[in-house]
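We have chain A; now place chains B and C onto it with these hints.
Chains as they are written, first to last, in the working numbering: chain A, 1 to 126; chain B, 127 to 252; chain C, 253 to 378.
There may be inaccurate statements among the hints.
As the list claims (entries may be wrong) - Below, in silico cross-link-like pairs of lysine to aspartate or glutamate (DMTMM-like), each with a Cα-Cα straight-line distance of 25 Å or less:
#1 B:K246 - B:D194
#2 C:K372 - C:D320
#3 A:K120 - B:D223
#4 A:K120 - B:E131
#5 B:K246 - C:E327
#6 B:K246 - C:E282
#7 A:K120 - A:E63
#8 B:K246 - B:E152
#9 C:K372 - C:E257
#10 B:K246 - C:E257
#11 B:K246 - C:D303
#12 A:K120 - B:E201
#13 C:K372 - A:D97
#14 A:K120 - A:D16
#15 C:K372 - A:E63
#16 C:K372 - A:D51
#17 B:K246 - C:D349
#18 A:K120 - B:D177
Derived by calculation from the structure, the hints in this document are not laboratory data. On a predicted model such as this, the values are computed, not experimentally measured, just so you know.
What follows is the residue order along each chain.
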Amino acid sequence: MNQFEVRTESHRQMVDVTRQVAAAIEGAGEGICHVYVPHTTAAVVINEHADPDVARDLIAAYEAMVPDVHFAHAEGNSDAHLMTTLLGSSVTVPVEDGRLRLGTWQGIFFVELDGPRSRKVWVKVY
Amino acid sequence: MNQFEVRTESHRQMVDVTRQVAAAIEGAGEGICHVYVPHTTAAVVINEHADPDVARDLIAAYEAMVPDVHFAHAEGNSDAHLMTTLLGSSVTVPVEDGRLRLGTWQGIFFVELDGPRSRKVWVKVY
Amino acid sequence: MNQFEVRTESHRQMVDVTRQVAAAIEGAGEGICHVYVPHTTAAVVINEHADPDVARDLIAAYEAMVPDVHFAHAEGNSDAHLMTTLLGSSVTVPVEDGRLRLGTWQGIFFVELDGPRSRKVWVKVY
Numbered sequence: 001m002n003q004f005e006v007r008t009e010s011h012r013q014m015v016d017v018t019r020q021v022a023a024a025i026e027g028a029g030e031g032i033c034h035v036y037v038p039h040t041t042a043a044v045v046i047n048e049h050a051d052p053d054v055a056r057d058l059i060a061a062y063e064a065m066v067p068d069v070h071f072a073h074a075e076g077n078s079d080a081h082l083m084t085t086l087l088g089s090s091v092t093v094p095v096e097d098g099r100l101r102l103g104t105w106q107g108i109f110f111v112e113l114d115g116p117r118s119r120k121v122w123v124k125v126y
Numbered sequence: 127m128n129q130f131e132v133r134t135e136s137h138r139q140m141v142d143v144t145r146q147v148a149a150a151i152e153g154a155g156e157g158i159c160h161v162y163v164p165h166t167t168a169a170v171v172i173n174e175h176a177d178p179d180v181a182r183d184l185i186a187a188y189e190a191m192v193p194d195v196h197f198a199h200a201e202g203n204s205d206a207h208l209m210t211t212l213l214g215s216s217v218t219v220p221v222e223d224g225r226l227r228l229g230t231w232q233g234i235f236f237v238e239l240d241g242p243r244s245r246k247v248w249v250k251v252y
Numbered sequence: 253m254n255q256f257e258v259r260t261e262s263h264r265q266m267v268d269v270t271r272q273v274a275a276a277i278e279g280a281g282e283g284i285c286h287v288y289v290p291h292t293t294a295a296v297v298i299n300e301h302a303d304p305d306v307a308r309d310l311i312a313a314y315e316a317m318v319p320d321v322h323f324a325h326a327e328g329n330s331d332a333h334l335m336t337t338l339l340g341s342s343v344t345v346p347v348e349d350g351r352l353r354l355g356t357w358q359g360i361f362f363v364e365l366d367g368p369r370s371r372k373v374w375v376k377v378y
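Bound-form chain A, shown alone:
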């Protein structure tokens, strides 16, 4: 199991971690790369990383989608738990010749939903 750290700087933030994931699987040959976030208020997604406006738009939209209901959880971050379950705690990407086989425009984003914090990402090829 490879692990790397992500230090987020905002309450909500998308962090492009494609390079870190690629480095973590070097020499892994062939298989399926599992990128796993061991937190309950942060997620991981695959999407466009060429235009940084896309990541900003996503964060704005995630915030706007949180419904106006009464949340009981005393920590006050149920919105972050909600978006985490919708976005997901892991992604899987094909690996060939020790390299991530992503689509042309795809990158891997760590999604901070209740930061800033120090976070971890676990990576392994199966």
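Quick look at chains B and C alone, frame taken from chain A:
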């Protein structure tokens, strides 16, 4: 393939199945645990299972997020199909030494979206 | 890695690709089938494919869920990027005796969110 049953008691309900999944993979050594829900109106997610308020907040939020559009499907449960596709039919978790390697606060929840019903969960380590 | 093409005909559309995935894994024995979409404005989900009204309802709901916020991305398709991250870029399904082990009502849908376009789907059993 291991399988266990979940009997849900409400129309919408999050059921913590972390123990059942852990039991299903005992002795599996190392790999990736695939937890699969073979239904179209129930899902599986990973999130906090320490404070039961989180699960209650999530259910309230899922219901509130269903948009007010006309649904054509005659069974009248398109809201459940919708939330199933957003939450997902499977999760994957690393396994080391025959044990689930979840984050500190993470548990695995079966998400009933059109109950109460008798449901199945399939588990296997690859 | 197996690959097949999907030619979508509408701006938003769910395309049942269960048969193409099943054909792509023939002879694969046992494992986990990874269905991967290498695009950033198209996704893949598992849901009911018996009644075509379900797929129509899902598309209507996905559109209605996009929040009314200002999107900065100049291409004007941030709504499609948003729904892609919520639905996901891959699904995983158990394979036994070279066949997909889906639930009774489950099918695999390619979800076009910014078409019509010519798209690709990657399939492999691990």
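Hint check results:
1. B:K246 - B:D194: It is violated: about 30 Å lies between the C-alpha atoms, which goes past 25 Å.
2. C:K372 - C:D320: Cα-Cα ~30 Å, so violated.
3. A:K120 - B:D223: Holds, because 21 Å separates the two Cα atoms, which is no more than 25 Å.
4. A:K120 - B:E131: violated (33 Å)
5. B:K246 - C:E327: violated (43 Å)
6. B:K246 - C:E282: holds (21 Å)
7. A:K120 - A:E63: Since the Cα atoms of K120 of chain A and E63 of chain A sit roughly 23 Å apart, the hinted pair holds (cutoff 25 Å).
8. B:K246 - B:E152: holds (19 Å)
9. C:K372 - C:E257: holds (5 Å)
10. B:K246 - C:E257: violated (33 Å)
11. B:K246 - C:D303: Answer holds: K246 of chain B to D303 of chain C is near 22 Å, not above 25 Å.
12. A:K120 - B:E201: Given that 25 Å is the threshold and the Cα spacing comes to 43 Å, the pair is violated.
13. C:K372 - A:D97: Holds - the C-alpha atoms of D97 of chain A and K372 of chain C are around 21 Å apart, at most 25 Å.
14. A:K120 - A:D16: Since the Cα atoms of K120 of chain A and D16 of chain A sit roughly 14 Å apart, the hinted pair holds (cutoff 25 Å).
15. C:K372 - A:E63: violated (31 Å)
16. C:K372 - A:D51: holds (22 Å)
17. B:K246 - C:D349: Holds - the C-alpha atoms of D349 of chain C and K246 of chain B are around 21 Å apart, at most 25 Å.
18. A:K120 - B:D177: holds (22 Å)
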